[in-house]
Each structure stands twice: as C-alpha cells, then as structure tokens.
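Visitor: Residue strings, one per chain:
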Amino acid sequence: MSLSTQTESRANAPAASAEVDASCRAPVLFLFTSALLWLVASGSLGLIASLKMHQPLLLVRGAELTYGRILAASSNAFLFGFAAQAILGVTLWMLARLGGTPLVRPIVALLGAIIWNLAVTVGVGGILAGDSSGYEGFEFPSYAVPALLTAYTAIALCAVATYLQRRERDSYVSQWYLLAGLFALPWAYLTVHSLLLINPVRGVAQAAINAWAGAVLREIWLGGAALAVIFYLVPKLLNRPLYSRGYAQIGFWMLLVLGGWTGLHSGAPLPLWMVRMSSFASLLMIFPLFVVAWNLHVTAGGQRVFGADCRVLAFAGSGLVFYLLATLVMAINPLISEAVQFTYYSAAVKHIAFYGAFSMAMFAAIYHIVPRLADADWPCANPMKWHHKLAVAGVMLVALPLAFAGWQQWMGLLDPSADFNQISRTAMRAYRITTIGEILWLASSLLLVVNLVKLLASRFCPCAALASCTAESNGGAR
Amino acid sequence: MNHAPLLLFGIFAALSTSWFGLVVWPQLQLGQLQPVEIEETGQIYPSARSGLAQQGADVYRANNCAACHTQQVRPGADIARGWGARRTVAQDYLFDTPVMLGSSRIGPDLANIGARQIDDNWHLLHLYKPRLVVENSVMPSYRFLFTKRAIGAKPSLDALKLPDVEAKRIEGYEMVPKADALALVAYLRSLRSDAPLFEAPLPTKPKPATLSAPSTNSPAKK
Numbered sequence: 150m151s152l153s154t155q156t157e158s159r160a161n162a163p164a165a166s167a168e169v170d171a172s173c174r175a176p177v178l179f180l181f182t183s184a185l186l187w188l189v190a191s192g193s194l195g196l197i198a199s200l201k202m203h204q205p206l207l208l209v210r211g212a213e214l215t216y217g218r219i220l221a222a223s224s225n226a227f228l229f230g231f232a233a234q235a236i237l238g239v240t241l242w243m244l245a246r247l248g249g250t251p252l253v254r255p256i257v258a259l260l261g262a263i264i265w266n267l268a269v270t271v272g273v274g275g276i277l278a279g280d281s282s283g284y285e286g287f288e289f290p291s292y293a294v295p296a297l298l299t300a301y302t303a304i305a306l307c308a309v310a311t312y313l314q315r316r317e318r319d320s321y322v323s324q325w326y327l328l329a330g331l332f333a334l335p336w337a338y339l340t341v342h343s344l345l346l347i348n349p350v351r352g353v354a355q356a357a358i359n360a361w362a363g364a365v366l367r368e369i370w371l372g373g374a375a376l377a378v379i380f381y382l383v384p385k386l387l388n389r390p391l392y393s394r395g396y397a398q399i400g401f402w403m404l405l406v407l408g409g410w411t412g413l414h415s416g417a418p419l420p421l422w423m424v425r426m427s428s429f430a431s432l433l434m435i436f437p438l439f440v441v442a443w444n445l446h447v448t449a450g451g452q453r454v455f456g457a458d459c460r461v462l463a464f465a466g467s468g469l470v471f472y473l474l475a476t477l478v479m480a481i482n483p484l485i486s487e488a489v490q491f492t493y494y495s496a497a498v499k500h501i502a503f504y505g506a507f508s509m510a511m512f513a514a515i516y517h518i519v520p521r522l523a524d525a526d527w528p529c530a531n532p533m534k535w536h537h538k539l540a541v542a543g544v545m546l547v548a549l550p551l552a553f554a555g556w557q558q559w560m561g562l563l564d565p566s567a568d569f570n571q572i573s574r575t576a577m578r579a580y581r582i583t584t585i586g587e588i589l590w591l592a593s594s595l596l597l598v599v600n601l602v603k604l605l606a607s608r609f610c611p612c613a614a615l616a617s618c619t620a621e622s623n624g625g626a627r
Numbered sequence: 004m005n006h007a008p009l010l011l012f013g014i015f016a017a018l019s020t021s022w023f024g025l026v027v028w029p030q031l032q033l034g035q036l037q038p039v040e041i042e043e044t045g046q047i048y049p050s051a052r053s054g055l056a057q058q059g060a061d062v063y064r065a066n067n068c069a070a071c072h073t074q075q076v077r078p079g080a081d082i083a084r085g086w087g088a089r090r091t092v093a094q095d096y097l098f099d100t101p102v103m104l105g106s107s108r109i110g111p112d113l114a115n116i117g118a119r120q121i122d123d124n125w126h127l128l129h130l131y132k133p134r135l136v137v138e139n140s141v142m143p144s145y146r147f148l149f150t151k152r153a154i155g156a157k158p159s160l161d162a163l164k165l166p167d168v169e170a171k172r173i174e175g176y177e178m179v180p181k182a183d184a185l186a187l188v189a190y191l192r193s194l195r196s197d198a199p200l201f202e203a204p205l206p207t208k209p210k211p212a213t214l215s216a217p218s219t220n221s222p223a224k225k
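If you read the protein sequences in the order shown, they are chains X and D.
Residue numbering for the first sequence follows my numbering, beginning at 150 and increasing consecutively.
Residue numbering for the second sequence follows my numbering, beginning at 4 and increasing consecutively.
Just to be clear, a hint being listed does not mean it is correct.
Claimed, not checked - Just the calculated beta-carbon pair ranges, DEER-fashion: (1) GLN35(D) x LEU477(X): 49 to 55 Å; (2) ILE173(D) x TRP422(X): 51 to 57 Å; (3) SER19(D) x LEU313(X): 50 to 56 Å; (4) ALA16(D) x ASP524(X): 40 to 46 Å; (5) LEU477(X) x LYS151(D): 49 to 55 Å; (6) ILE435(X) x ASN5(D): 50 to 56 Å; (7) SER291(X) x SER19(D): 20 to 26 Å; (8) PRO8(D) x ALA525(X): 27 to 33 Å; (9) ALA171(X) x PRO8(D): 26 to 32 Å; (10) ASP458(X) x SER19(D): 42 to 48 Å.
Claimed, not checked - From chain D, some residues computed to sit far from chain X (all C-beta separations above 12 Å): (11) GLU42; (12) ILE47; (13) ILE82; (14) ALA83; (15) ILE109; (16) ASP167.
Rather than coming from a laboratory, the hints here were simulated on the basis of the structure.
Don't be surprised by glycine CBs; every beta carbon is placed ideally from N, CA and C.
Given these sequences and hints, build the entire structure.
Guide: Here is the structure:
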C-alpha cells in the first residue's frame, strides 16, 4: 500500500501539510539518518559484547575492547545516538504537523543536530578510551556533556517555539508526551551532570540520583515517545478517532508523576522509605498501562494492529505489544525482585523495553514520516517486511534466552551453598543464543539504512536511475 | 490541556515530585552523613582509601567492572552465600565517587572481596587469566593490564608468580603487572563492609578474634 496516499484523519490547517513538511525536511531527515547510523554502530558494539560474554578470551589485548566498555558504549550510542535523534526528529515533525505550522528556524535545529552528533561521537569515544563517568545510562565523560546539552537546547527551543506558534489550537495526546520528553531528558541529564559529574554529592545519594535519572529516561522519555508515536499512528492509519481524550490525560499524568519513582530495587543500601515508594510506584504503573491499553483497544475497534498488513501499522502494533509487555513485567517486578534482581532477567526486560517497545515505535514513525519529507515513496516494500520480521525475531531471540538464563540463575541461587561460578556457566548456555538475536537485529537495522539511503538517493541524487529496487533489495539480510 | 503555559507547568510540576523525592530529599537525609566511631574497636568507619586504592577505583570505573559485579549485600540470601557478614548500608559508601553499586551479577558480589580474598598474587593471576585460579571462569582476561617481558639475567622481582603450566607456555618471558593492575588489586583489597554499625549490626555476637580492624584482613568466609 502506498503510504503517502493514505488519508489524513486529523485535520491540519488547510494547505499547510506540504509547507510543514518542507520546513522540517533538512533537520528531520538529518536526524533520522544519523540516528539510524548510530543504531547500526550500537548494534555492532552490542554484537561484539554479546560474543565476548561467552568467548571471554576474544579480543583481550586492548583496553578499548573490554566487555564493560563495549557494553557501555553500545548502550549510550543507542540512547543518545539513536534514541535521542529519533525522538527529536519525531518531535520536530509531529509538533509542526499537529500544530499546523511550519517548523520555526529549521536551520538552528539542523546545526544543533550536527553538534549533537559530534558530542555523541566524543562521548562514545571517551567511554571506549576509559573516561566513562561510571553512572549507568549516563556514562558519557563530563567533557562531552556541555556540547550535548547546548545542541539539545538549540533543537528543543525550535520545537517549543513551533508548539507555541501552533495554528491548530487543540492539542493532541502525542504532543503532551513529546513535550514532556523534551523537558525530561535535559532535566535528567542536567541533574546528573551537576550533582554527579561536576560536583558529586556524597555516598549513596549518587545511586538514588542515578536511579531517578535512569527511570525518567526509560519511562517518560523513551516510553513517552513510543506512546506519542503509537497514539499518533494507530488512529491515523486505521482512520478512526481516538476513543477518549480523558483516558489519554489520565494515562499521561500518571506516567509523568510515577515514572521517575520506579528506578530503585529492594535491598538497595538506601533508606527503606525510598525503596518502598519506588516499589509502590512500580505497582501503580499498572493503571496508566491499563488506561493506555484500553483507550487504544477501543480506538482500534477490533481491527488488527499487531499483525496488520500495513507495515507501518505493524511496526506500531509490535511496539505497542512490547510496550504493554515490558511495562506490565516492570510493574510486577517488586513482587519478585529479590529473586530475579541482578540476573539476566532484568536485562531481558530492559531489552524488550528499549529494543522491542521503543525502537519498533520509532521505526514506525520513520517509515511514516520520511516519505512525506522526501516527497517520495519507499523504493520497495519488501525490505520493510523483512525489517519487521528480522527485528521482531532479533528482539525475541535476545529477550527470551536472557529471560530463561535469568530463571536458571534464580533457581541456582536458591541454594546458598551452590557454586556461583557453576550457576553463571549454566546460564551462559542459553546466553549464547542472544548472539544470533544480535545478528538478526543488526541485519534488520542495516536493511532500514539501505532502504533509506536508496530513497534519499532516488529523491535527491541526480543519478536516480541507479537506485532500482530489484537487484539489492535483500542486500542487508545476510 | 490546550493552554500551553498550563500544560508546560503541569509537566514541570509532575516531574518535580519524583525529583524532590529521589534527588533533593536523599540529599537532605543522607548529605550530612559522617564517619562514625565503631564502639567495639574504637576505629573510625569508613576511612578514606589509600591513594593507590583510589587509583584502582578509577581503573574499576574506566573498565566498567560494575557491568558484571555488584557491590551491595542484600539482607538474606547474599549473606547466606557468604558475600558479607551483614547487609550494606549508606554508611559503607561514604567515600565512594562514583558509587558503583552495579546492577547485574554475572560475577560474584565484590562488596567484601577485600575480606574474602587477601592474596595479592591471586588477584593478579585472576586478572591476568581468570581460569588459572577459578576453573572455567566466565570472566574475560585483563591481559592488557600486564606487560610481557623477556626474562633477563634473573627474573624481575615484581613479575607475576605464574603456575607451572602457564610459565612453561610463555617460556623465556615473564608477565609484569602494570601500575593499573597493582592499583586495581589495592582497590579490591580495600573493599570490605563488615564493620558493625548501629543500623547494620553483625548478625551474631562475634568472638573478639573475628572482630578485627580492617588492617588485619581476616577472611569473612571460610
């Protein structure tokens, strides 16, 4: 099905769509392209980390390729290379589109995006060079952060100015989530930068701050962006109005209030009330989850979202299913956290949230938005189908073995006299499968990159005839 | 929610609840924490690390050892496993920056490794090639912390004391730990949180012999 011919269910200001898309073209296409290149970089590093985990004698000569450094580099490249730029691209375009107004100062946003990429490069390089900050999720060395925040401010100001100048007065749920995320990231990072990196507070208060910032990133920034995309695409592509704005508000505000509390775990060396509050907030997350699920369920009105024929919808549907799954599992986590905490199970849940829920939603957004900006359809639909299959398989083949390995660790650790090394070795057998999952994931990302490059080449390169679909359509699916 | 300033203020207010709870309040509650005198021993706890151990903490941070090792003992199973005599509490981390609690246990918890394993050469061998001292260990080798040198007229004093099999494998050469390796071992040796605290007493009244000061390094396990 051709994407650009689908009807617009939400009314933008008349005749503004083309103008809006033109204003977003340079910064958003740049953000998406570089986001996907970082996704490939992060996937490659993740693959090496996965290999090194079960081949501990691989690549041991250089400090740069130590497992710990590669892992941190991979996850930071994912968060700030891919996720941040994908979210910013979606934010700029969606705030402009839903507001019915052209993007304010696209050149500033483009400059910001270029600086952002330089800062992320410095940050990832710094981690590999051994300058990691040591705070999980925020490992960039302190010298990379000022440029990062400056670039972010430039892009965010364009986004906020665009929102304030909107001609469509009614705001939509996607805009709320995106605006919240727009503030949440710099707030979290500024807190980390000032209270952990520049002028560190004493002792375990650092751990509390790190947990708060991490939870804000996971729940409000990544989770909120995924929901923004899903709430935008599901009603639009199904051509049905959103069921309830009231439910959407409840879900939104509950996520915002609860999200930041959810990062602590039982047994942490922190005052008990903090841990209790955190567990309680995690359990309460069931409510926004239910509200979101119900709202979208009624909106869809029985139409297939998960296995939909329309690929964009299928991506959004997979994102939604993974989101509901991850949030549900995280919500009931306090009940079993003593057993599964520190095992591969936690890694499995995180993987579903980041690579399942968030990334799938972003892929849906990219597939939906890019043809509008480039004013050209995807050169071929086949890679899109394969991308979806490979990506879902990749996520499952990492998450399921991890969850199984976590269960094995749990069972093994029940006996306090059992040999810990033996438990780790037993769990390692299932872990090996994750390498296959990482390969599939990387291949799927490459497919999208190839497809995007072909689309951009056919649109913006004079030698457009070269970009034919048939010959290399499955080139990345090795 | 169509009124932009109201929406933006609402977002700000909603986010600040958890910010006050987990960023500002811990600072008010824990920010004034000071080292305390341990009643039984008269020692001040915790004491700051030695310079070498502090450098070792940097090596630990740079290589993200926390990716596989936690430094926190939870009440219950962790203690039964012998990873600590008591749970860890805020007091134990007073001089750590960054605090590296860790979130995953591919390897064992290290909160009390300084009490469990007191042999420097064991630690160095373990970093050089974990499988030399722990059968089928899943830990990678930290070979880059060592220099391979041809043995001259006589072996260096600071060379690693290798088991025969490994010594034969690299015959004519010796492995000399770099400064980073020595610092990292000093840091690992400094890791112990077994001082009896008011908020985390040792579970049973220990005999005077096991209630030793950190400098004597009595093993907590075995």
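Visitor: Taking the hints in turn, state whether each one holds.
Guide: How the hints compare with the structure:
no.	hint	result
1	GLN35(D) x LEU477(X): 49 to 55 Å	violated, 40 Å
2	ILE173(D) x TRP422(X): 51 to 57 Å	holds, 55 Å
3	SER19(D) x LEU313(X): 50 to 56 Å	violated, 22 Å
4	ALA16(D) x ASP524(X): 40 to 46 Å	holds, 41 Å
5	LEU477(X) x LYS151(D): 49 to 55 Å	holds, 52 Å
6	ILE435(X) x ASN5(D): 50 to 56 Å	violated, 29 Å
7	SER291(X) x SER19(D): 20 to 26 Å	holds, 25 Å
8	PRO8(D) x ALA525(X): 27 to 33 Å	violated, 39 Å
9	ALA171(X) x PRO8(D): 26 to 32 Å	holds, 29 Å
10	ASP458(X) x SER19(D): 42 to 48 Å	holds, 44 Å
11	GLU42	holds, 21 Å
12	ILE47	holds, 16 Å
13	ILE82	violated, 9 Å
14	ALA83	violated, 4 Å
15	ILE109	violated, 6 Å
16	ASP167	holds, 20 Å
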